[in-house]
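**Student:** Could you put the whole structure together from the sequences, leaning on the hints where they help?
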Amino acid sequence: MSLLEIEGLEAGYGAQAVLHGLNLTIGEGSFAALVGPNGHGKSTTLRAISGLLRARAGSIRFAGARIDRLRPDQIVAEGIIHVPQGDMLFPELTVIENLRLGAYLPKAAAEARTRLDEVFSLLPKLRERQDQVASTLSGGERRMVGIGRGLMAGGRLLMLDEPSLGLAPIVIDQIYEVVRHLAVSGRTILVVEENAMRIAELADRMHLMDNGRIAWDGLGSEFLSRPEIRAAYLGG
Amino acid sequence: MSAGRRDILLALGFAALLAMVPLVFGTRYIISQITLFFIWGIVVTQWNLVLGVAGIFSLAQMALFAIGAYATAMLAYYGAFPLLAAMPLAALVTVAASLLIGFACLRLKGAYVALLTLAVAQVIYLIVVNDTACFTNPPSGCLPLFGGVRGFSRFGDLGFRDLLGSKFYIGHYYVGLGLLLAAQIFCIILIRGPLGLAFRALRDNPGYAMSRGVGRLRYQLWVFGLSAFFTGLAGAFYAANFGVVGPIVFSVSMLLFLLAMIVVGGMGTVWGPLLGAALLMAADEGLREFGTLREIGLGLVLAIFVILLPRGLSGLRRR
Amino acid sequence: MEIFIQVIASGLTLGAMYAVSTIGLALVYSALNMLNMSQGALLAFGGYVCFYAMETLGLPAPVAMLAAMVVGGGLGLAIYLLVARPMLGSPMFETQIFIATIGIGSVLQSVVLQLFGPQPKAQPLNVPGGVSLGGVVVPWQSLLILTIALAMLAGVAWLLGRTRAGLAIRATAQNRDAAQLMGIRIGQVYAQVLMLSGALAALSGIMVSSLSGLLPTMGADPMLKAFVICVVAGLGNVPGAAIAALLLGLLEAIIQYLFGVQYAFAILLGLVIGVLIWRPYGLFGKRQVVRL
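Here the protein sequences line up with chains A, B and C, keeping their order.
The opening residue of the first sequence carries number 82 in our numbering; numbering runs sequentially from there.
The opening residue of the second sequence carries number 316 in our numbering; numbering runs sequentially from there.
The opening residue of the third sequence carries number 84 in our numbering; numbering runs sequentially from there.
Hint data in this document are derived by calculation from the structure and do not stem from the laboratory.
Since the structure is predicted, the reported quantities are computational estimates derived from the model, not experimental observations.
There may be inaccurate statements among the hints.
Stated by the list, open to error - Chain B side only, calculated, beta carbon under 8 Å to chain C, not exhaustive: (1) ARG422; (2) GLY614; (3) ILE622.
Ideal Cβ placement from N, Cα and C applies to all residues, glycine included.
**Tutor:** Here it is in structure tokens:
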């Protein structure tokens, strides 16, 4: 059964259109990856889904209901959790305050205590750092707070925007360890990644973006064996 | 024909038309009101350069105008300068003051600039009004250095009374027209010329423009200083025209009135501010008898235009 | 020693009074990037509502104060709904809202003038007498102002630091997009912040007018001072604004004592301009990356 269905989505910034009729379907319980080069609309897609950016045309359905006219807070309440690109933490709040904000809505707040334990067991470093102000953390730690904050919300669809962007290789391995754990947890996840080769090993389904549309989609295993994709990504 | 050339021809055409007005309508009231329009016209065209073109959110423009007016009055009163000499000197004093204010304020970001320039204007006002120590004692009574609450009067005139007798106001009319024409042509050259282009580049893509070495602060200081010259000159002419200078030139409602002209006409456009000045002065004539309601109307016009029509009337055409 | 106590007492009173209206301005700026130029008129409104409630309706002082704060909060909400909200998405928001609120401020001030006339009036909320401290008589009025202001500051600190709504306000101020992704309805946060700021302005107006009387234009100077304090603290820095308000109040009292009342504000502003040349982002402000 599909949880998220996007049809003919158009969106952009100012006069500039970024998405030109995007179609995308995410199945319940699947781990999907949205890949493709920079500037082709991967992050814009996530921003449109979470309502930060208004769709200009097309429709977005979540669990059968239209959400493309809802406010971002209503979309969060529907159960779509967006962990945005970069850190986008609240820089002057402590780690624990950032995490608590993840469970801001009443439904999530009721389960905050158990969720916090889960987050701390998945990301033990955050427990040590919990009273530290977010802006004093390292890049990798900040990224983990961002993911932890998303997990605090519960939700039915978790969207991660480039979780490993700009981190040192050893930190990327740590983040991928967390992503791998999430992949086997049975949640519905949509990850945006530039490093397609690495995410293809984990993802059930790959969606390749090109110029505001989905150019190809298929199984993760298929992705690696397609010659044109190998050519684009490995240069040979 | 380039847009700049067209606008300059347009300016000359308007000026020629306005030059004929005194020959047709003789009444002193109309002529003096249009003269006042020339004065406010100069102020708003220059303020528009600062606000809408250079992107400096300065509220010190009326203070600069006041400096021009006060400098003229003080040079003539204390220094016995003839007004024709005092006016350009006063304009230069204004430029100097604007550069000082500019150095202090322009390094800051938008909102800070607005607050700081407002504060500077207020300081100048307070210095003028709160100074009660007598500097001289003319027959009319104690006079503080900056004129105090009463301000300056009897500091000479432009000499048109001797030349034209009771028709002296027509002389003032042509001086005002000439100054406004010069100020507007300066605006056109600035907006349509390379400096205007540089500012548009800065506004549309600050990162790129800065990486190409378009130094924002330097350009801003140039615009601030040059527009202060005309603003100071407008203040000087205000002093000469009315023969009185008092702290009323600092008043908030004056500031509001002039800001509304720019917003209504269209900030950053070539003709918008003058259009706004003409419209608002005409409307003001109509509302004169309503007293406080005039202030309410003015405030509402300002707010409603910013909310519903942020590009002003000039923006309607482009939509 | 006596002079010292006098200067400290009047400086703290001034500072506490400034702090109340300044934190409102700082809160609004931090949440919305909005400089509310109608704050001065809200101050006057608050002062006059209190006057009207006590003098004409004969209500007791605490009720009158509450009424003034409710009216102030209501005006703040109206400003959000009618003025700020329609232009929220505009790229020129900061400039537009500044100009629009100048207009609204003028409207509100003229309404006060229309309703109550231009003659100065005395604020009936006034406690006579004083208490002797180290040989100096400190008026009860000053102590009352100080107490109410400090209570109010503590209340705001509690609200921001300890409540869910306060957490939402701080989150919105620090990162608007991220706040929305947490499920925070930022429109509601904006409305709350403007209401709170309006109520604080009204209270501040009552305090100011209890010392210097009621005039329709009475809000202009305190507003300018509040802005100056915000700028010194770094725009949008709420705790910094409270500290800077107390410091500037003390400084003003010292300058008043040394140079005379009429020059206090001018010298104060001169100092502030100096501070800003030295530290362009305020004393406690962090250098922010300009959003391109």
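**Student:** For each hint, tell me whether it holds in the structure or not.
**Tutor:** Okay, the hints, checked on the actual structure:
1. ARG422: holds (5 Å)
2. GLY614: holds (3 Å)
3. ILE622: Result: holds, 5 Å to nearest chain C Cβ.
Every hint, counting from the list given before, is met by this structure.
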